[in-house]
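Letter by letter, the chains look like this.
2 protein chains.
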Amino acid sequence: MSRAQERVDAYIDEQMPRWSDELSRLCRQPSVSARHEGVEQCASLVAELLRARGFLAEVTPEAGGHPVVLAQRAGLPGAGRKLLFYNHYDVQPPEPLELWTSPPFEPVLRDGALYARGAKDDKGEFIARLAALDALEAVYGGYPCDVTFWVEGEEEIGSPHLPEWVAGHAGRLQADAAIWEEGGVDADGYPTLTLGVRGLLYVELSVTALSRDAHSGSANLLPNADWRLVWALASLKGPDERVRIPGFYDAVLAPSHRQEELLALLPGQEESTKEQYGLQRLLLDRQGPAVARATFDPTCNIAGMGGGYQGEGAKTIVPARAKCKIDFRLVPDQDPHDILRKLRAHLDSQRFSDVQIDVLGAERPATVDPDAPVVQLAAETAREVYGLPARLIPMTGGTTPCYLVSDLGIPVVTPGVGYGANGVHGPDEHVRLQDFERAAQHIARLVQRFGAGQ
Amino acid sequence: MSRAQERVDAYIDEQMPRWSDELSRLCRQPSVSARHEGVEQCASLVAELLRARGFLAEVTPEAGGHPVVLAQRAGLPGAGRKLLFYNHYDVQPPEPLELWTSPPFEPVLRDGALYARGAKDDKGEFIARLAALDALEAVYGGYPCDVTFWVEGEEEIGSPHLPEWVAGHAGRLQADAAIWEEGGVDADGYPTLTLGVRGLLYVELSVTALSRDAHSGSANLLPNADWRLVWALASLKGPDERVRIPGFYDAVLAPSHRQEELLALLPGQEESTKEQYGLQRLLLDRQGPAVARATFDPTCNIAGMGGGYQGEGAKTIVPARAKCKIDFRLVPDQDPHDILRKLRAHLDSQRFSDVQIDVLGAERPATVDPDAPVVQLAAETAREVYGLPARLIPMTGGTTPCYLVSDLGIPVVTPGVGYGANGVHGPDEHVRLQDFERAAQHIARLVQRFGAGQ
Numbered sequence: 000m001s002r003a004q005e006r007v008d009a010y011i012d013e014q015m016p017r018w019s020d021e022l023s024r025l026c027r028q029p030s031v032s033a034r035h036e037g038v039e040q041c042a043s044l045v046a047e048l049l050r051a052r053g054f055l056a057e058v059t060p061e062a063g064g065h066p067v068v069l070a071q072r073a074g075l076p077g078a079g080r081k082l083l084f085y086n087h088y089d090v091q092p093p094e095p096l097e098l099w100t101s102p103p104f105e106p107v108l109r110d111g112a113l114y115a116r117g118a119k120d121d122k123g124e125f126i127a128r129l130a131a132l133d134a135l136e137a138v139y140g141g142y143p144c145d146v147t148f149w150v151e152g153e154e155e156i157g158s159p160h161l162p163e164w165v166a167g168h169a170g171r172l173q174a175d176a177a178i179w180e181e182g183g184v185d186a187d188g189y190p191t192l193t194l195g196v197r198g199l200l201y202v203e204l205s206v207t208a209l210s211r212d213a214h215s216g217s218a219n220l221l222p223n224a225d226w227r228l229v230w231a232l233a234s235l236k237g238p239d240e241r242v243r244i245p246g247f248y249d250a251v252l253a254p255s256h257r258q259e260e261l262l263a264l265l266p267g268q269e270e271s272t273k274e275q276y277g278l279q280r281l282l283l284d285r286q287g288p289a290v291a292r293a294t295f296d297p298t299c300n301i302a303g304m305g306g307g308y309q310g311e312g313a314k315t316i317v318p319a320r321a322k323c324k325i326d327f328r329l330v331p332d333q334d335p336h337d338i339l340r341k342l343r344a345h346l347d348s349q350r351f352s353d354v355q356i357d358v359l360g361a362e363r364p365a366t367v368d369p370d371a372p373v374v375q376l377a378a379e380t381a382r383e384v385y386g387l388p389a390r391l392i393p394m395t396g397g398t399t400p401c402y403l404v405s406d407l408g409i410p411v412v413t414p415g416v417g418y419g420a421n422g423v424h425g426p427d428e429h430v431r432l433q434d435f436e437r438a439a440q441h442i443a444r445l446v447q448r449f450g451a452g453q
Numbered sequence: 000m001s002r003a004q005e006r007v008d009a010y011i012d013e014q015m016p017r018w019s020d021e022l023s024r025l026c027r028q029p030s031v032s033a034r035h036e037g038v039e040q041c042a043s044l045v046a047e048l049l050r051a052r053g054f055l056a057e058v059t060p061e062a063g064g065h066p067v068v069l070a071q072r073a074g075l076p077g078a079g080r081k082l083l084f085y086n087h088y089d090v091q092p093p094e095p096l097e098l099w100t101s102p103p104f105e106p107v108l109r110d111g112a113l114y115a116r117g118a119k120d121d122k123g124e125f126i127a128r129l130a131a132l133d134a135l136e137a138v139y140g141g142y143p144c145d146v147t148f149w150v151e152g153e154e155e156i157g158s159p160h161l162p163e164w165v166a167g168h169a170g171r172l173q174a175d176a177a178i179w180e181e182g183g184v185d186a187d188g189y190p191t192l193t194l195g196v197r198g199l200l201y202v203e204l205s206v207t208a209l210s211r212d213a214h215s216g217s218a219n220l221l222p223n224a225d226w227r228l229v230w231a232l233a234s235l236k237g238p239d240e241r242v243r244i245p246g247f248y249d250a251v252l253a254p255s256h257r258q259e260e261l262l263a264l265l266p267g268q269e270e271s272t273k274e275q276y277g278l279q280r281l282l283l284d285r286q287g288p289a290v291a292r293a294t295f296d297p298t299c300n301i302a303g304m305g306g307g308y309q310g311e312g313a314k315t316i317v318p319a320r321a322k323c324k325i326d327f328r329l330v331p332d333q334d335p336h337d338i339l340r341k342l343r344a345h346l347d348s349q350r351f352s353d354v355q356i357d358v359l360g361a362e363r364p365a366t367v368d369p370d371a372p373v374v375q376l377a378a379e380t381a382r383e384v385y386g387l388p389a390r391l392i393p394m395t396g397g398t399t400p401c402y403l404v405s406d407l408g409i410p411v412v413t414p415g416v417g418y419g420a421n422g423v424h425g426p427d428e429h430v431r432l433q434d435f436e437r438a439a440q441h442i443a444r445l446v447q448r449f450g451a452g453q
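Chains as they are written, first to last, in numbering that gives the first Met the number 0: chain A, 0 to 453; chain B, 0 to 453.
Please keep in mind that the hints were generated in silico from the structure rather than gathered at the bench. Misleading hints may appear alongside valid ones.
Since the list gives no way to pick out one identical chain from another, each pair is judged satisfied if it fits inside one copy or across any two copies.
[Unchecked claim] Below, simulated SDA-like cross-link-like pairs (lysine to any residue); rule was C-alpha separation at most 25 Å, straight line:
#, residue 1, residue 2
1, K341, A263
2, K273, R72
3, K322, R390
4, K341, A169
5, K322, E203
6, K341, A253
7, K273, W230
8, K341, W230
9, K341, G37
10, K341, D249
11, K341, G141
12, K322, P426
13, K341, R50
14, K322, R241
15, K273, R350
16, K322, E274
17, K341, Y248
18, K273, G188
19, K322, D239
20, K273, D427
21, K322, E379
22, K322, W230
23, K341, D357
24, K273, K322
25, K341, Q375
26, K322, L96
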């Protein structure tokens, strides 16, 4: 390791209290995109953090959506390459609040980790990148390449307005590589790099069966919104987990030979997943290679449903209205708009034309070539920083709007602060400080070598 | 009509503002049994209203349940017969509050009707009976028979503790006849008498699939509580409305010849029901005689369900917990405990042992002999007061714990204040003052003639 690299690592280590403070400040600002809570304030704060580092930062309105922060800073003289960082400043709703040990928007350090909604996803990732750049600035007096930050505010609701925004700003996103989220270490402490993300179709299904709730003594005579919804849902998928929408699987590609190779190298996550959720067995009794391979299957998941009386005790009504939220995770080459058409056609054919569909999100899946030079560089630098070889994950369960950048021909890598049990989207979300520090060190090294033309 | 009868009717008419005030006072006291809200206060108020009329009134605790008010007052010297009034002081939850024109516990007179939760069910019935007795007292100087009031506080949650209470107080309920709820006029203005009520099994089904909500990127690996519940529910009944629990229909009796005769005399309720709930057609396209006959079919009704994220917008989780409430309306000779056993066996056989059942109510159905003398007397006096023949309804959709009195061999009649569109169990519950007045006049005449030995 060179002296300069040592100084970068040491700088990041010494300044950890500062990054932790900055992350706390960012997490203290709620930014729940699902209910438009605090998004403008959070976008301003993100821009402020970037401007404080010499970035030119614009908060650009999305048509009908939440602001996007776009910030650019040139590298040192002679720097020729361009690097794009994608982040999002919005977070998932924190409910159920009663399951949090400390309030979600009051960040707290506990047992070497910072607890708050967004501590990992994605505010922790953002601050770790700033820490890496600060260290490069301190040691080298500047950045080794041109840097663009692109920080959106609708990732957690499926980035509905982002495609239109990208169409209007594609020129300013041009880069030789992009750094995305979803990386970190796995349960064994190995660094991971994610090479594929799933697409998403997020819909709300709703039924209005009556003009108002009725006494259930008339249940023989009146349609029941809850029953209508239950039967419509049961028509979509049975306990065999096979989605019954005709054509749903038509565009699904099996993993490539190279992806199969990478899957075979991944460790089992069966035991850790069972432990995390208190299970005796995984769904469909999946075991061994089937667990890792499951990310190549699309899903049809009910994220929530409700209708009628949900209070304590007994109330005897025929519910007038019911609704549910479904997220379909899609794999290459499924297209959310195609799946939506097939869902509508299926419901109609099954006599569920009374079930209304509202689309809350639509994103395509995306993959990265495992042999792209920047992927190799990220793997190599990960091994140096973590002391263990990187594990390349050909497809992850989640969704990011990565396809928007893949479409521009930009290869994507994912160094990051996660460790797989950060509680993202659930209660007690947190980031471990040790993960944060090593992610920042990894990113600094990756950026430095990328700027040097490796 | 005798002079005394005229004076009774006139008294009730003149004193309407007083009854309206008393009813408002009673409705202003919330008494939501489902969440144990205000029940003790309401029981005290009921006892106070009875004591003010010379009743000896006890508020007796039910073991583990809500208080029961038991009150007795002897008739005039020479009165030999005993009459039992059954009422309940508890009400349904008022939600959804936003659909009420005025707040549910702030009674308001509007367009000749009193609006409040409980205005009809069952506080309106109770005050109408007091009005009838007050009129008899004013005109005759006392009651023509011994009168017992039995006012419980758990009717709206299935009277779970009442059977045990009755076992301990059966001697004090003895009577030659009982007056129950569920009567009034129908949509054509004809007085109605209800001769049968359905039983009830009210259960809450719940599923815990995970120790906590998970990111839906893992939906391929984790059981989903919402899906488990949807499939369990879909196994109970399909869109053909036939309940699929083996043995569910075993004990169902077809209507008797006499009940069929009464059904054939009933007017169609098809158009009024469609109008009330904004429907083009009734469930299963029921028409003509099938509508009235439907009350002789048992039901399996989802009264409410919920699980996962129900807020605004998108949240991508695998829900850990889900639950729903089901009311089964039962007909002779179905037994709720037998149905419960069959429900459990069915869920287990369909691989839904993970679905937990909690019983929130269990009541047997009950019927009255249409040719019992007190039924004939009630029909005769109804004709006199309303100027139209009474329509005898062999079975109604709702449930009351009538079986507890039928089991004691006491015949039951149901003069009452309803008109079929009172909004009971829903928003904007109300009682029309004209219905209230005539019900009180009807009850007064019925009680007077009953006391006279007719």
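A quick look at each hint next to the structure:
no., hint, verdict
1, K341 with A263, "neither (33 Å within a copy, 48 Å between copies)"
2, K273 with R72, "neither (45 Å within a copy, 67 Å between copies)"
3, K322 with R390, "neither (41 Å within a copy, 40 Å between copies)"
4, K341 with A169, "neither (31 Å within a copy, 63 Å between copies)"
5, K322 with E203, "both (7 Å within a copy, 19 Å between copies)"
6, K341 with A253, "within (21 Å within a copy, 45 Å between copies)"
7, K273 with W230, "between (30 Å within a copy, 23 Å between copies)"
8, K341 with W230, "both (18 Å within a copy, 22 Å between copies)"
9, K341 with G37, "neither (36 Å within a copy, 52 Å between copies)"
10, K341 with D249, "within (11 Å within a copy, 42 Å between copies)"
11, K341 with G141, "neither (52 Å within a copy, 75 Å between copies)"
12, K322 with P426, "both (24 Å within a copy, 20 Å between copies)"
13, K341 with R50, "neither (46 Å within a copy, 68 Å between copies)"
14, K322 with R241, "both (22 Å within a copy, 24 Å between copies)"
15, K273 with R350, "between (38 Å within a copy, 21 Å between copies)"
16, K322 with E274, "between (32 Å within a copy, 24 Å between copies)"
17, K341 with Y248, "within (11 Å within a copy, 38 Å between copies)"
18, K273 with G188, "within (18 Å within a copy, 64 Å between copies)"
19, K322 with D239, "both (23 Å within a copy, 21 Å between copies)"
20, K273 with D427, "within (18 Å within a copy, 49 Å between copies)"
21, K322 with E379, "neither (48 Å within a copy, 49 Å between copies)"
22, K322 with W230, "both (12 Å within a copy, 16 Å between copies)"
23, K341 with D357, "within (14 Å within a copy, 39 Å between copies)"
24, K273 with K322, "between (30 Å within a copy, 23 Å between copies)"
25, K341 with Q375, "neither (39 Å within a copy, 62 Å between copies)"
26, K322 with L96, "both (22 Å within a copy, 19 Å between copies)"
Going through the hint list in order, the structure does not satisfy hints 1, 2, 3, 4, 9, 11, 13, 21 and 25.
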